[in-house]
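Number of protein chains: 2
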Amino acid sequence: MKEVFKYDIAIIGSGPAGLSAAIYAARGGLKPIVFERGVFGGQITVTQEVENYPGFHKTLTGSELMEEMRKHADKFGAEICEEEVKGIGMQGLCKIVETNKKIYHAKTLIIATGAHPRKLNVPGEDKFSGKGVSYCATCDGFFYKDKIVAVVGGGDSAVEEAMFLTRFAKKVYVIHRRDELRAVQIIQDRAFANPKIEFIWNSEIQEIFGRDFVESITIFNKSENKHRDIKVDGIFAYVGILPNNELIESRVALDEQGFALVDESMHTNIPGIYAAGDIVSKKLRQVITAASDGATAAWSAEKWITINQEDENTDLKTCELPK
Amino acid sequence: MKEVFKYDIAIIGSGPAGLSAAIYAARGGLKPIVFERGVFGGQITVTQEVENYPGFHKTLTGSELMEEMRKHADKFGAEICEEEVKGIGMQGLCKIVETNKKIYHAKTLIIATGAHPRKLNVPGEDKFSGKGVSYCATCDGFFYKDKIVAVVGGGDSAVEEAMFLTRFAKKVYVIHRRDELRAVQIIQDRAFANPKIEFIWNSEIQEIFGRDFVESITIFNKSENKHRDIKVDGIFAYVGILPNNELIESRVALDEQGFALVDESMHTNIPGIYAAGDIVSKKLRQVITAASDGATAAWSAEKWITINQEDENTDLKTCELPK
Numbered sequence: 001m002k003e004v005f006k007y008d009i010a011i012i013g014s015g016p017a018g019l020s021a022a023i024y025a026a027r028g029g030l031k032p033i034v035f036e037r038g039v040f041g042g043q044i045t046v047t048q049e050v051e052n053y054p055g056f057h058k059t060l061t062g063s064e065l066m067e068e069m070r071k072h073a074d075k076f077g078a079e080i081c082e083e084e085v086k087g088i089g090m091q092g093l094c095k096i097v098e099t100n101k102k103i104y105h106a107k108t109l110i111i112a113t114g115a116h117p118r119k120l121n122v123p124g125e126d127k128f129s130g131k132g133v134s135y136c137a138t139c140d141g142f143f144y145k146d147k148i149v150a151v152v153g154g155g156d157s158a159v160e161e162a163m164f165l166t167r168f169a170k171k172v173y174v175i176h177r178r179d180e181l182r183a184v185q186i187i188q189d190r191a192f193a194n195p196k197i198e199f200i201w202n203s204e205i206q207e208i209f210g211r212d213f214v215e216s217i218t219i220f221n222k223s224e225n226k227h228r229d230i231k232v233d234g235i236f237a238y239v240g241i242l243p244n245n246e247l248i249e250s251r252v253a254l255d256e257q258g259f260a261l262v263d264e265s266m267h268t269n270i271p272g273i274y275a276a277g278d279i280v281s282k283k284l285r286q287v288i289t290a291a292s293d294g295a296t297a298a299w300s301a302e303k304w305i306t307i308n309q310e311d312e313n314t315d316l317k318t319c320e321l322p323k
Numbered sequence: 001m002k003e004v005f006k007y008d009i010a011i012i013g014s015g016p017a018g019l020s021a022a023i024y025a026a027r028g029g030l031k032p033i034v035f036e037r038g039v040f041g042g043q044i045t046v047t048q049e050v051e052n053y054p055g056f057h058k059t060l061t062g063s064e065l066m067e068e069m070r071k072h073a074d075k076f077g078a079e080i081c082e083e084e085v086k087g088i089g090m091q092g093l094c095k096i097v098e099t100n101k102k103i104y105h106a107k108t109l110i111i112a113t114g115a116h117p118r119k120l121n122v123p124g125e126d127k128f129s130g131k132g133v134s135y136c137a138t139c140d141g142f143f144y145k146d147k148i149v150a151v152v153g154g155g156d157s158a159v160e161e162a163m164f165l166t167r168f169a170k171k172v173y174v175i176h177r178r179d180e181l182r183a184v185q186i187i188q189d190r191a192f193a194n195p196k197i198e199f200i201w202n203s204e205i206q207e208i209f210g211r212d213f214v215e216s217i218t219i220f221n222k223s224e225n226k227h228r229d230i231k232v233d234g235i236f237a238y239v240g241i242l243p244n245n246e247l248i249e250s251r252v253a254l255d256e257q258g259f260a261l262v263d264e265s266m267h268t269n270i271p272g273i274y275a276a277g278d279i280v281s282k283k284l285r286q287v288i289t290a291a292s293d294g295a296t297a298a299w300s301a302e303k304w305i306t307i308n309q310e311d312e313n314t315d316l317k318t319c320e321l322p323k
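Protein chains in written order, with the working numbering: chain A, 1 to 323; chain B, 1 to 323.
Bear in mind the hints are in silico, worked out from the structure with no lab data behind them.
Relax, there's no trap hidden among the hints.
The list cannot tell twin chains apart, which means a pair is met if one copy fits it or any two copies do.
With a straight-line cut-off of 25 Å between C-alpha atoms, the simulated DSS-like cross-links for lysine-lysine are: (1) Lys71 <-> Lys58; (2) Lys58 <-> Lys147; (3) Lys145 <-> Lys231; (4) Lys303 <-> Lys6; (5) Lys6 <-> Lys71; (6) Lys196 <-> Lys303.
Taking the hints into account, I'd like the entire structure generated from these sequences.
Encoded structure:
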């Protein structure tokens, strides 16, 4: 039988949401553990320049910002565990987390596993990621003043972000594989009326070229069966964002896209299970919104533990920390 | 006729919510203005030690943190205006802000005027504010390890925070002016079962004493007509938090306590008017949650402007910036 380790809060994911939850939990007198399977710090660590986390006015890399958050969690004694969570179970109200190495019991669980953009899967995409290839106009639009950019996609997000990018770029191509948009009509009307936006229909990017930074793309028009090269300084891919929900999809209520549904306490439909950060069904996915979610989830989890652990009808006591 | 100044977003309040909104708006290619009537930085500036804004692991004062956020807003060119807003009006979809000096037009408005705790109004309260007198257990509980504290109040917040404080303090008095709690029954049950909590009924604090830091309080029991001195290291006042809603109470939909009701975009019931930070009806009021609100409100305002400003049926064009 595997040894069992006991915590107040098990946090799955070490991005801004997970670490913020760990800071609030540990400083709030609870014993949290943060599980991280791969690269510490989450998706933001692939970002070269973060300049919109309020208070950090000197531009830093995503890794540097997350290192500061890790030091913050360390300061209050939050435990960080580099094991991959394989499954989540429940025994009554007690939560069971099984990793590739051990079994952990926790009174509450915060799911902060994040999300990731769907990739274009074309040559050059990985090479130029962060060097002209972006998946977030809110994050990176500012860097494209008077430049030429291409947005890939035809849904609400793609078209909204194309319009947002016209605040900076001198020209915005919207490259869509169909001959009509999926975006709602009013957004389409605004985009069609915008003189900086040019739509390229029935087309897909075939390859991305450049030296150190993106310089051009080859696109293929399916209906005309023609290739064409376009000079661009940046590419914003809006072909979907995918929740990292493998651990919870059979258990937690999700929206149509697979993001976790939560109430204003960040509580999911399962008692004592919270979600925070990009995994949550919400409008704006940024470091600051993720960190806010994490703080709220940890604060809520503390209240939940206080209310539930003395209840005679639950077996939450089996999750009790050793005295 | 007063001269009119035109902006994309008028932000009322310069705390974490207002400055975060300014950072996101200015970096998002919009022209924002932040109005601040009194002390720059909002309520957090009275705090001596902020150690739970994720990423800032070195303890700093509230004023220092807000100075960093101000530099951040300055970096992207957000305008900050030290004028007191006297009234808010609308002309169609265009928002009118009148200060003690000028009139401003803006396409959107973000209300970030904050909230403030109801005070005990007893001698010593102001002198020891931040030196033993606190209005936020989530913020300051950590500083009271193995100390004796008193919580004043009898509602859900007072009792929940008293239980939270037992994670740190060796003894928690709950001083309530009535002989029963207003908190919901299950919270009462948990609190009564907690051996660290002692209830002092029918009583009010009369005075707070100490040298540099709180050392004791005098309480008066109304039903027994008796005074009594108690040694305490800290006092947490939970007798109400009051929204700074004077500018919006006649216009924006509010909850029963007077906090602004918003949707997930931070949009109020009035088209193009957003709320962010402590003024919002929500669970957890912290710097991190306020900053998140501000970012979301600015992001949403940009989308709203894009959709609405080209609409022939609105007069939002009268808010257009000079070319």
